[in-house]
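Colleague: For this one, chain A is given, so just place chain B on it according to the hints.
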Amino acid sequence: MACGWSTSETVAYKPAVSRPVTTIAWYLARVVDSPGCVRRQLGRSRTRQEIACVKRIGRWVRTVGAMRLWVTGMGGELGTRVVQLLEEAHPRAEIMGTDIDPPRRRLRRAQFLRIHPDERERLVTAIVGFDPQVMVHLGIYEPGARASDASAHRRNEVGSAAVLGAALECPSLEHVVVRSGIEVYGRRRGSPQQPSVDCPLDPTCQFGRDQLAIEQLAEHVGRERAISVTRLRFAPLVGPHFPSPLGRVLRLAAVPFHVGDPAFSLVHTEDACRSVVGAVEQRFDGALNVVANGATTAFQAARLGNRLALPAVGIGLRAAGGLAGLAGAPVPAHLIELLRRGRCALPSDLVAALGITLEHDTTDVVKALYEWATVVPITVGVRAA
Amino acid sequence: MTVTSVALAPVKAARRRIDGGFSIDASGYDQELARWACRLGQVGWSTVVYGAADLADGPVIVVVNRSVFGAETLTCAIALADERSEGVRCAELVDVPLIDSWQRRIGFVSPSDAEVSVALRSGVSVVIEMRHLACAVNASIAQRVPLVPAAVMSSVVRRRRTVRLGAAQLTNSSGPLAAARLRDAVTAELERTSLAARATWRLT
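Protein sequences appear in the order of chains A and B.
Quick note: to get this note's numbering, add 199 to the position in the first sequence (first position is 1).
Quick note: to get this note's numbering, add 11 to the position in the second sequence (first position is 1).
Hints listed in this document are in silico derivations from the structure and should not be mistaken for laboratory results.
For every residue, glycine included, the Cβ atom is placed at its ideal position computed from N, Cα and C.
Hints may be right or wrong, so weigh each one.
Have a look at the derived ranges for each label pair, beta carbon to beta carbon [what the hints assert, rightly or not]: (1) A:A518 with B:D93: 39 to 47 Å; (2) B:R26 with A:K566: 12 to 20 Å; (3) B:W47 with A:A360: 51 to 59 Å.
Pairs of lysine to any residue, SDA-like flavour, derived with a Cα cap of 25 Å [what the hints assert, rightly or not]: (4) A:K566 with A:P442; (5) B:K23 with B:A45; (6) B:K23 with B:D93; (7) B:K23 with A:D563; (8) A:K566 with A:I535; (9) B:K23 with A:N505; (10) A:K566 with A:A453; (11) B:K23 with B:D65; (12) B:K23 with B:E43; (13) A:K566 with B:R50; (14) A:K566 with B:I29; (15) A:K566 with B:S34; (16) B:K23 with B:R50; (17) B:K23 with B:G52; (18) B:K23 with A:D460; (19) B:K23 with A:P442; (20) A:K566 with B:D30; (21) B:K23 with A:P510; (22) A:K566 with B:G52; (23) B:K23 with A:L507; (24) A:K566 with A:R424.
Chain A on its own, in the form it takes in the complex:
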């Protein structure tokens, strides 16, 4: 498959004279060929305005250019919305992706392959055959969301190994975006209430350990291929249509909460999608905490939704979790941890890193969770005889 950006003529060209237009044209050519090369060249003997201009042109070229994007987890709420936003923002981009289930919304141009994470060889063949320039790995399975604890762990382990292993074999790959979560910081005694991205990672639940393993795998790919990797550590994702165990528990008629009632932060699914698109465009290298401002507690969230809040402690909370599971809202280990110890993180500067601001704070996310559209009964017209 032909690469959309590289041309052999442009690489050989160098400016003979240092006139601004010629210089910009040369840098533009290098941007088209390899953005990383320009980053190394910048700042040597160029003026500040020249550098800024070249960066702008480079961004424009990358934005409108025909790049190939691979999205895993395309069938989920998050993946489908991300692909929709990418289709809008990059009209010439070629997008392909996989998931267990088909996309939940209409996609105009993106191609979808229904591949189970267990089908490693099929997945690897598809990715290597497509040879993406940017890979977005959103195929992370939260226990209790769409899979059981054991199933989610196995899918995370096998699926991510296949996807990121295939990334090593893609010659055109330039950037990887990985979904992770603030569960990677852990909630051990003595751990900070609001960990920043520099804090040591010490997950205390299986979901956190899975996400840390995926982050480490992605970092390995970045080191091996000398490419940038964005690790987006999301606060618990909650939305009215998003399959989240926390969302389901908070929507029960009676919500169990720990007597300590610790605070936790959330992030809106739309903000999460915009941050993924920002990571694709800005190609930030490193980890970022994507956390909405403010915090809430299980009691407050339940009362905002006019639910009955049931206090529980110790084994009582686990028993309440078991009962909630019978009512259709399973409470996995990482959710028990959230209810017992809380879960917050220090938000990263997303304006500087990704060029976006989060539009919803945690209270907005909770309110949106309870905002269901009113059911309007449709009267079926009686066909005229």
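Modeller: Quick look at chain B alone, frame taken from chain A:
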């Protein structure tokens, strides 16, 4: 403010608690609950602060000379909360699941570099005990915030307590030598302040 509104304030606050209409920040701090706890603390103790007028605006780290089960640190934090326009946090958190979240609600933070730095960055002052001086010094150097020694004088049988604030200490350099020098300067200033506070306490 009418008499009715004053009388109904606790009722409205209780209703906000039940309806979930209160606000809480990511550090677990609940401003309204903290204000009520502060008023309760003022009923228990009557604290006089000397030297609060000399404090610079903006966040500071107040290092208290001693604290029995965190009582003196809490007294100092409550007294300073009245004097300072910005918020005050007390770095005496007990890291036990049932207790810590309620302590965080009323303004406690863990005496660790990370948490004290986050609190200072959000623009609030922190009161910390002398035994956590290393943490206070690290946060002071990292955030360029002055350290203020404070001598608290109290008695088991008396409701009255006094807090005497010393001269603020700040270093512009960084590194292990700067930390050691700052630690020495704070210790020396705290001894001097404690002597002055003891003299005043005997007179009263």
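Colleague: Quick one: which hint numbers does this structure break? Sort them smallest to largest.
Modeller: 11, 13, 19, 22, 24
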